[in-house]
Amino acid sequence: MGLLAGVDVGNATTEVALAEVKGTEVHFLGSALVSTTGIKGTPQNVRGIVLALSRALERARRSLDELGLICLNEAAPVIGDVAMEAVTETVVTESTMIGHNPSTPGGLGVGVGRTVLLGDLPFVPQGAEVIAVVPSSFDYEEASSVINEAISRGVEVKGAICQGDDGVLIANRLSRKIPIVDEVAMIDRVPLGMLACVEVAPPGRSVEVLSNPYGIASVFGLSPQETRYVVPVAKALIGNRSAVVVRTPAGEVKERRIPAGEIYVEGASGRLTCRVEEGASAIMELVRRSFPIRDVFGQPGTNVGGMMERVRRTMSDLTGLPINEVHIKDMLAVDVLVPQRVVGGIAGEMSLESGVALAVMVEASRIPMEMLAKVLKEEVPAEVLVEGVEAHMAVLGALTTPGTALPLAILDLGAGSTDASFMREDGSVELIHMAGAGDMVNMIIASELGIEDPMVAERIKRYPLCKVESPFHVRQEDGKVTFFEDPLEPRLFGRLALMADEGDLIPLELDLPMERVREVRRRAKREVFVTNCLRALERVSPAGNVRMLDHVVLVGGSALDFEVPNMITEVLARHGVVAGRGNIRGVEGPRNAVATGLVLSAARKLAGRDLGWS
Amino acid sequence: MLRGISSDRPSIALLVDPGVRDLEGVVRAVGAGCEEEGVPLSWDLRSGRAAELAGLASEASRLGVGVGFDGAGWAIALSSMKGRPPYMAGTVGGCADLRWVGQNAARLAKGVPLVLRAPTGSGGGGGRAEGILELDPSLVRTIVAEVLKAMGLR
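Just so you know, the protein sequences line up as chains Z and W, in that order.
Taking my numbering, I'd label the letters of the first sequence as residues 1 to 614.
Taking my numbering, I'd label the letters of the second sequence as residues 1 to 154.
Read the hints as simulated data drawn from the structure, not as lab findings.
Note that CB positions come from ideal geometry on N, CA and C, so glycine has one too.
If a hint is listed, it holds; no wrong ones were tucked in.
Just some of the chain Z residues that point at chain W, by a computed CB distance under 8 Å:
| no. | residue |
| --- | --- |
| 1 | 140 |
| 2 | 165 |
| 3 | 166 |
| 4 | 168 |
| 5 | 169 |
| 6 | 469 |
| 7 | 470 |
| 8 | 471 |
| 9 | 472 |
| 10 | 487 |
| 11 | 490 |
| 12 | 491 |
| 13 | 494 |
| 14 | 495 |
Sequences and hints are given; from them, build the entire structure.
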């Protein structure tokens, strides 16, 4: 008899379990895991499947000819998609604000005066109160001598704005202590002849006058109405060590609320509506009240409308179903902070705007795995069968974890969706898919930390942090210290880094405290996985009560995460439930559950000869 | 032992080979880099190559950070790495590069991330900056070690 392979094509990975079957005995030979090629359920998957099969065979020192039967999973017909919508935006017209954090501003204090180009300073009359604007064409010696000369003539130089990184150098050479903001890249956009205020806070503090609306009002003598307008400016400057606000006659700064659109949920309570701006808790309340959801729509012509249509179209292309028969069955919303470039800022100012991250899940009647099986059959000299519902197979596989027994609930933490299934002692199964998993965590991390490269967000999710404190040691996020015999590279020095596998350090280009990055990462994982685990388990547990469950086994790629399983174990322990990461066949960890289940199920049927194959 | 470098005052130490042209400009540039970061610099003259000067300077510095310059090349050494090659080294194109060297020496003393390129547009070209990184001896050592390991020679 030939070899038997179970193949599980998932959203992110394709897994294979390889076994030899003799009578009723199943002897597992090995497994393999590769990235899924193409969207799950499409013929493009074949390349990944063949690669995974040949890897598993190679490891077992067997050849492709020995393969007798390949069992494909009846893939869960769900596709997830994620999107992020900013709901507020700060717009500065007529550049009125510079708020940024150069590492080394010069001087100290608050200075108010009219902006004057350094070259024009010799022509300013005695007694005038000015703020010097210093382009990088002047070196620090020149700049300081021009300012000193003006001061000695009786000009009241109250502060300076520099283009180069010269703030400290100039401040050290002045006869009078004034605040200097430096590294203002687009200095030519600073309006001249206008009243401006420069503030530099002492080390370890942040600006106090310019981050306070009444402070700005006092400096510029604003009316109550005008003071309302400067609130977004003050808000954007909070936390900076140095800042400049220039008052221009036509200047206007406003916080704009972007119409992110409305969401319509059709479900148990009819059609409910909510604006995206209302935030995650309002949206999730809608989802909870509407369960079971029949469909979700976004307002046409808005961002959220576009997102819902995109998911629907992908699913329709994949299944061949008409677009109006593709339904969104679940949605997860999480509030996020989005650092966004201030429109009209001149030193690359960022403002923390609020936004909502959304994950949606589309369910079709089934994913066309038969078509995939047909294409696969042409590639390999073996029988190919589509066998077994994914959730069923996952429980069978999970049951090979030492210490488990029926009734058993499993949580499959994937990339696209979080799935829960519950198998009773009689073998009957409850199953639910929830929108939002690893991909959503990546998106939240990327948006909250302002990261553009998705690979970096994935790594931040996957590895613990450390700070390189010297060429020979790093401090881990738990406060422990690791020493290195060989000096760490200069590109790592002083930086935050990720402790990747095999002791590799990956430097991060983030100017943030380690605590902040850690908090964002952990919050993203909690908001997605812990929320979804509870949501999912409530749906499958007897009488909707999570406390009725005894054992919950975590499987899937995200169950490999270094902290997600602990977060879930902790929360479920409060409900009196034993939960932990699975260990498929006692060797695979949380991976390979479905592939293993497929092999076991097929072997069982083979013994009863009801597969028509020998 | 080194006249200009006080052993009490916490400062970065710079040793320059007496043969360099525009000695004052060199000290001014390295000094400006340190000053902007708020770290004092003390300096002296000594004959030798950049790496060797940087090593000596690091031992004289109370902050444990030494800079050496011999006219063509610069090096930054740390006293904690005594007996090893300098932590960073390269060749110099102009004053802007030396200011960048001073800035990084100061950042090493402060324990904050280094600026990994010479400032562009103010004398130091971007191309040259890359040259500095290419010559980073620790990187070269790492690559050689990796190649030897891959060839099974080590």
